[in-house]
Amino acid sequence: MSSVLEGSDFRERPVGTHETLLELDELVVEYETAGDPVRAVDHVNLTISAGETVGLAGESGCGKSTAGNAIMGILRSPARLAGGRILFRGEDITGLDTEEQRRYRWRNVSMVFQSAMNALNPVMRVGDQFADMMAAHERINKKEAVERAGDLLEKVGIDRRRVRSYPHQLSGGMRQRTVIAMALALSPELVIMDEPTTALDVVVQREILEEIQELQKELGFAVLFITHDLSLLVEFADRIAIMYAGEIVEAAPARTLFDKPQHPYTVGLMHSFPPLTGPMTRLIGIPGSPPDLARPPAGCRFHPRCSFCVPEKAHLYARQTTERPVLREVGPGHSVACHLVEEGGP
Amino acid sequence: MSTVAPDQALEVVGLSKSFEVPGTEHFWQRRRRLHAVEDVSFTLRPGTITALVGESGSGKTTVARLIARLYEPTAGQILFEGRAEPRHVNREANLRYRRQVQMIFQDPFDSLNPVKTVAHLVGRPLRIHKIVPRDQERERVHQLLETVGLVPPDVIAAKYPHELSGGQRQRVAIARALAVEPRVILADEPTSMLDVSIRIGVLNLMIRLKEEHNLAFLFVTHDLASARYVADELLVMYAGQIVERGPTEEVLADPLHPYTRLLLSAAPDPNAGLHARTLAARTPQDLAVGQEAACRFVGRCPLAIEICSTTPPVLAEAGRDRMARCHVTAPGGTV
Chain A
25 MSSVLEGSDF RERPVGTHET LLELDELVVE YETAGDPVRA VDHVNLTISA GETVGLAGES
85 GCGKSTAGNA IMGILRSPAR LAGGRILFRG EDITGLDTEE QRRYRWRNVS MVFQSAMNAL
145 NPVMRVGDQF ADMMAAHERI NKKEAVERAG DLLEKVGIDR RRVRSYPHQL SGGMRQRTVI
205 AMALALSPEL VIMDEPTTAL DVVVQREILE EIQELQKELG FAVLFITHDL SLLVEFADRI
265 AIMYAGEIVE AAPARTLFDK PQHPYTVGLM HSFPPLTGPM TRLIGIPGSP PDLARPPAGC
325 RFHPRCSFCV PEKAHLYARQ TTERPVLREV GPGHSVACHL VEEGGP
Chain B
14 MSTVAPDQAL EVVGLSKSFE VPGTEHFWQR RRRLHAVEDV SFTLRPGTIT ALVGESGSGK
74 TTVARLIARL YEPTAGQILF EGRAEPRHVN REANLRYRRQ VQMIFQDPFD SLNPVKTVAH
134 LVGRPLRIHK IVPRDQERER VHQLLETVGL VPPDVIAAKY PHELSGGQRQ RVAIARALAV
194 EPRVILADEP TSMLDVSIRI GVLNLMIRLK EEHNLAFLFV THDLASARYV ADELLVMYAG
254 QIVERGPTEE VLADPLHPYT RLLLSAAPDP NAGLHARTLA ARTPQDLAVG QEAACRFVGR
314 CPLAIEICST TPPVLAEAGR DRMARCHVTA PGGTV
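Line order of the protein sequences matches chains A and B.
If you count by my numbering, then the first sequence holds residues 25 to 370, one letter each, in order.
If you count by my numbering, then the second sequence holds residues 14 to 348, one letter each, in order.
A hint or two may mislead.
Reference excerpt, derived from the structure (chain A facing chain B, CB under 7 Å, subset only) [what the hints assert, rightly or not]: (1) E83; (2) L176; (3) V180; (4) E219; (5) T222; (6) D225; (7) V226; (8) V227; (9) H252; (10) L256; (11) S296; (12) P298; (13) V334.
Far from chain B by the CB rule (all over 12 Å, computed), these chain A residues [claimed, not checked]: (14) S84; (15) A103; (16) M157; (17) E162; (18) I164; (19) E171; (20) L224; (21) L243; (22) S313; (23) T345.
Here's a subset of chain B near chain A, in silico, CB distances under 10 Å, partners left out [said to hold, decoys possible]: (24) G27; (25) S31; (26) P174; (27) H175; (28) L216; (29) R241; (30) D245; (31) L277; (32) A279; (33) P281.
Calculated directly from the structure, the hints in this document are not laboratory data.
Using N, Cα and C, we set each Cβ at its ideal position, and we do this for glycine too.
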């Protein structure tokens, strides 16, 4: 295959340009079950430009982590890619053979998982784990590798002597920092962060997020930030895509999404976070619960929970309950998949 | 002992708990005592939600577990309606206490027996505590399910926990706690495992229950925004001690303790503007724990002065209904 995936030193790359780094084109991921396959990711389109932070938000089971795993190329049975393409710098990675995929992972795209304790080997010193990972990708001797591991740890604010530590000797925040340092080790252009701070206290969470931003400025990698916590994304992402029941229902620049959310689900999510400042009103959240993806509702998947889906508005109701809405642009960089919005709003 | 005061359901006085933990680095090091909770006092009032906030390891869950009598306190007293509860209790006294004080746990996936139906789970406390005659059990279970918003109750009652969503499971746990008609409910992070769109429903349920049933809630959480949403009173815990307390709105509008300020500055709040804030303090690389002669927050504190490393501050009055444990912002305690 071409040299696109060989990876160059990102320090030479321009930062914050709008060249497309990753593109999901009608991505479909299914889980094999005893019955019909369950579609966890259903025709998802998403682009990530070099150096930007894209947030992918949704509730548990909406398919956001599955999408992340697909991009990382780590889908394992019973999950399988059932359609669409994943283009990294224009090249479809779904067609790569095992060895090419192995090289693509970590060098081009790396991943930070939610549970740092599970991502680190408990019986290996931290430095050795870095060395293992580096040795799998390049010719490097142990001493050099551990030396570089020390540099990386310092980058994320950990004393370099911690290369000698075992994971259990580190605090939760330090473990998560270690995992982030490891994800940055081979200078990837895209780092997928799947709930990177969910298990941490708010203070540590904010420190780590600020560090990630600093590192991003310095190193220029793009971030796909997968989380259920929309309030975090509004502060930390450039663009946000909202996922519901396997589909992206709204995507917009972070500020636009916060100021003018259009999809009733996004509006509901925004009204699910009690504010810390300003007036306090009684919030309603979203009634009901997300659908079972083995039997998704017909039409718009959100319609059973949507307060704007009422039989009295017969024409709209018919569309909502039978026709799948598609993403349509409603403003610059802002698209929504909703019949209601299409027909001019409530 | 004081007489039964109608405005207090439960009071804890000087509650402390220490655990023995192994030495940190090597197995041959001496076991040391960890003070998980130290000298904690507060009152839970009927019709009031009191939030206990702090980071993990601050001792907030230990306080809830002490009040639920899952742990024996090392020191201090629990007073129920003004009467001191005996330290060591027999089964009968335990039943009596648990009929008044119920706990809801963080993880509704762990706290419900997976092989029993909802009807069994909610009906069990009715049987154990002999709340209603056997022939009225079914009806009462259905009433309870309706109270927590699980409808239709006959359909829900026949289900097993795995057939329910996280939010529904937590509501079953709440219905089970309500079955014994308690005065006090201890809710330990009841929403942290739930999806965001479901959380607010459980918080609203807590508010409704406190109003309709005149319940006293202790709401243990790490989330200041949820605390602000439901709680009348706020207790902030740090390293086993209460460092600030007062009416929720007042504490959050004008936090006194630097730790409360730190928590506020770290919490995500889209209203506060993008990328606009900086942290009020940092986590030092290695926290010095157990320095008895110093304020426990001194290593992280941006306001620290000399006395902070030599004298531990006490929880001192700082205005009407407000208290804080700080030499700088609540200097009443240094005298």
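Hint by hint, here is what the structure shows:
1. E83: With a minimum Cβ separation of about 4 Å from chain B (threshold 7 Å), the hint on E83 (chain A) holds.
2. L176: Since the shortest Cβ distance to chain B is 17 Å, the answer is violated.
3. V180: Result: violated, 12 Å to nearest chain B Cβ.
4. E219: At 13 Å from the nearest chain B Cβ, E219 (chain A) fails the 7 Å test, so the hint is violated.
5. T222: violated (10 Å)
6. D225: holds (4 Å)
7. V226: This interface hint holds because 4 Å falls under the 7 Å limit.
8. V227: V227 (chain A) check passes; min Cβ-Cβ to chain B is 4 Å, inside 7 Å.
9. H252: Holds, about 6 Å.
10. L256: holds (5 Å)
11. S296: It holds, given that the least Cβ distance between S296 (chain A) and chain B is near 5 Å, below 7 Å.
12. P298: Nearest chain B Cβ about 4 Å off; hint holds.
13. V334: violated (20 Å)
14. S84: violated (6 Å)
15. A103: Holds: least Cβ distance 21 Å, greater than 12 Å.
16. M157: The claim holds: M157 (chain A) sits with its nearest Cβ about 25 Å from chain B, beyond 12 Å.
17. E162: holds (31 Å)
18. I164: About 28 Å separates I164 (chain A) from the closest Cβ of chain B, which puts it past 12 Å; holds.
19. E171: holds (21 Å)
20. L224: Violated: least Cβ distance 9 Å, not greater than 12 Å.
21. L243: Given that every Cβ of chain B is farther than 12 Å from that of L243 (chain A), nearest at about 18 Å, it holds.
22. S313: It is violated; S313 (chain A) is separated from chain B by about 4 Å at its closest Cβ, not greater than 12 Å.
23. T345: Answer for T345 (chain A): holds, closest chain B Cβ roughly 21 Å.
24. G27: violated (27 Å)
25. S31: Interface hint status for S31 (chain B): violated (21 Å vs cutoff 10 Å).
26. P174: violated (14 Å)
27. H175: Hint violated; H175 (chain B) Cβ to chain A Cβ min 13 Å, cut 10 Å.
28. L216: At 8 Å from the nearest chain A Cβ, L216 (chain B) passes the 10 Å test, so the hint holds.
29. R241: holds (6 Å)
30. D245: At about 12 Å, which exceeds the 10 Å cut-off, the nearest Cβ of chain A leaves the hint on D245 (chain B) violated.
31. L277: With a closest approach of 7 Å, the L277 (chain B) hint holds.
32. A279: With Cβ-Cβ at 4 Å, under 10 Å, it holds.
33. P281: With a minimum Cβ separation of about 4 Å from chain A (threshold 10 Å), the hint on P281 (chain B) holds.
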